[in-house]
Amino acid sequence: MQENIVLTEATYYILLSLYNPQHGYGIMQAVEAMSGGRVRLAAGTLYGALNAMVEKHWIVQLPVTDGSRKKNYQLTDKGLQVLTGELNRLRELVKNGETVLGGPQKWLTE
Amino acid sequence: MADRMTVRKWFWVWDFEKEERWLNEMAMQGWALVGVGFCTYHFEKTEPGAYTIRLEMHDQDEGYLAFMRETGAEYLGRVVKWIYFRKRSELGQFDLFSDLDSRINHLKNIRRMVGLVGILNLGIGLMNSFNASHFGWVNLLCCALLMYGCGVFKGKIDYLENERALRE
Chain A
1 MQENIVLTEA
11 TYYILLSLYN
21 PQHGYGIMQA
31 VEAMSGGRVR
41 LAAGTLYGAL
51 NAMVEKHWIV
61 QLPVTDGSRK
71 KNYQLTDKGL
81 QVLTGELNRL
91 RELVKNGETV
101 LGGPQKWLTE
Chain B
1001 MADRMTVRKW
1011 FWVWDFEKEE
1021 RWLNEMAMQG
1031 WALVGVGFCT
1041 YHFEKTEPGA
1051 YTIRLEMHDQ
1061 DEGYLAFMRE
1071 TGAEYLGRVV
1081 KWIYFRKRSE
1091 LGQFDLFSDL
1101 DSRINHLKNI
1111 RRMVGLVGIL
1121 NLGIGLMNSF
1131 NASHFGWVNL
1141 LCCALLMYGC
1151 GVFKGKIDYL
1161 ENERALRE
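Protein chains in written order, with our numbering: chain A, 1 to 110; chain B, 1001 to 1168.
No lab work stands behind these hints: they were computed from the structure.
Nothing here was measured: the structure is a model prediction, and the numbers come from that model.
Please note that a few of the clues may not be correct.
[What the hints assert, rightly or not] Listed next, the in silico SDA-like pairs over lysine to any residue satisfying Cα-Cα at most 20 Å (straight line):
{"id": "1", "chain 1": "A", "residue 1": "56", "chain 2": "A", "residue 2": "95"}
{"id": "2", "chain 1": "A", "residue 1": "71", "chain 2": "A", "residue 2": "38"}
{"id": "3", "chain 1": "A", "residue 1": "71", "chain 2": "B", "residue 2": "1156"}
{"id": "4", "chain 1": "B", "residue 1": "1156", "chain 2": "B", "residue 2": "1125"}
{"id": "5", "chain 1": "B", "residue 1": "1018", "chain 2": "B", "residue 2": "1030"}
{"id": "6", "chain 1": "A", "residue 1": "71", "chain 2": "B", "residue 2": "1112"}
{"id": "7", "chain 1": "B", "residue 1": "1087", "chain 2": "A", "residue 2": "26"}
{"id": "8", "chain 1": "A", "residue 1": "71", "chain 2": "B", "residue 2": "1030"}
{"id": "9", "chain 1": "A", "residue 1": "70", "chain 2": "B", "residue 2": "1061"}
{"id": "10", "chain 1": "A", "residue 1": "71", "chain 2": "B", "residue 2": "1018"}
{"id": "11", "chain 1": "A", "residue 1": "71", "chain 2": "B", "residue 2": "1022"}
{"id": "12", "chain 1": "A", "residue 1": "70", "chain 2": "B", "residue 2": "1063"}
{"id": "13", "chain 1": "A", "residue 1": "71", "chain 2": "B", "residue 2": "1072"}
{"id": "14", "chain 1": "A", "residue 1": "70", "chain 2": "B", "residue 2": "1018"}
{"id": "15", "chain 1": "A", "residue 1": "70", "chain 2": "B", "residue 2": "1030"}
Just chain B, with the same shape it has in the complex (with noise of 0.2 Å):
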């Protein structure tokens, strides 16, 4: 049997999450992720449950990869804004973030980055919709699913807020 295996498999960004359960779901099967591209990831046959895997968006900072391998995690690479850690089960469980406060805030960068992307996708799509391009439709297409995007954040962000109101 090959000890490392290739999957091309998409995630939308607010699936984040799902993404990241999946990735467990895989180390727990004995397949821990050790590398990633886009929509591809690259994992190698290890024991069950030997790494717990963490994703979350974050801007170039190489303070913050030598401060999380000072704290035993793994840096794995990094697609666009998302960066991918590794960390050994047996040292202890691992987290990227233990308030409501952090997850609010990462919750809120994802939601920025999204809804930039969003108009962007409007902007051109408006321009190329009065010219002679007939692929304006596209970018007003990505529009709306950034859109709804947006929306799907928000609906994350009230409810940790909500619980903000009352305990950290």
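Chain A with its partners taken away, still in its complex shape (with noise of 0.2 Å):
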């Protein structure tokens, strides 16, 4: 059993959008896309978070192809067990808010 880990918001989305291999600036464009433009990460937090993630081996970054000299990155079998703890938890908590303020619907449409 993974022991508890609770992400930050930003390694959340920069885990989700290294399911498939994706450079910085990619990273970047991605979470902002993904989050309706609500999270935006910015460059030195996200450079000091993909060097975290690799050293806990949840990323890893890819060989440099000829063509491009851009550094990617990828999600690792250990970053995906984070993630989808990660999931879970999330949706405990969705699901515990939800019992107590009464169901999507009540406070959808208040």
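Using the hints, put the two chains back together into the complex; each one sits in its own frame.
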């Protein structure tokens, strides 16, 4: 069983966007698009997060191909495990929130 | 009217946010930063607000500069440990940090550096106080000033860490 890791919003979205190989600027664009423009990763924050995640083996840096000098990253099995763990945690949060506040219909229409 | 201008200006290291604000005010007036030196800022005439300027303390790291260029930022230069970037405003919002963790981390790195130089000055100052040199007080004064700087950074870090306890 994986220990309970609570991801930050930035970490969650970065891992999600690395399900397929992606380079730094591509991650920023993917995260902004996925969140409907709400989450904007700043370059310095992203760079630090990528390095930390490579160290933790949640993602790997792919070998640089001849054509492009951009560094591509991809999710590892370990990263996928962390990500699915977080997804389950988020489901729990939403379920409990909806239960206490009376289901999605009630608070959505208010 | 000249299209280049050099301004000499001093900022304390704990006023780096003020420095950045000033550089962006200059950019709003149509003077975009184009190069830096010790207490020296070189500007070029541009359309008002054409660029956003950002600066941060960062170790020498070619990989980081390449990464920044990839995102559309232009690297302007380095003064000791500080690096300066600008990005065309039409390319979108430009920030270096987007969450509290990375902001706190940046401030802690600066505080560590200021503290280190402060302790160094304390050592040199004490050494020079006990020998023939009459300039030990200069280092002790520097040390006191840098310790004040550490205090300023502690305040900034404490504020953000309080916020961090409740949100990202």
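Each hint, compared with the structure:
no., hint, in the structure
1, A:56 x A:95, "violated (30 Å)"
2, A:71 x A:38, "violated (25 Å)"
3, A:71 x B:1156, "violated (34 Å)"
4, B:1156 x B:1125, "violated (28 Å)"
5, B:1018 x B:1030, "holds (19 Å)"
6, A:71 x B:1112, "violated (31 Å)"
7, B:1087 x A:26, "holds (17 Å)"
8, A:71 x B:1030, "violated (35 Å)"
9, A:70 x B:1061, "holds (16 Å)"
10, A:71 x B:1018, "violated (34 Å)"
11, A:71 x B:1022, "violated (34 Å)"
12, A:70 x B:1063, "holds (10 Å)"
13, A:71 x B:1072, "holds (15 Å)"
14, A:70 x B:1018, "violated (34 Å)"
15, A:70 x B:1030, "violated (33 Å)"
The earlier numbered hints that this structure contradicts are 1, 2, 3, 4, 6, 8, 10, 11, 14, 15.
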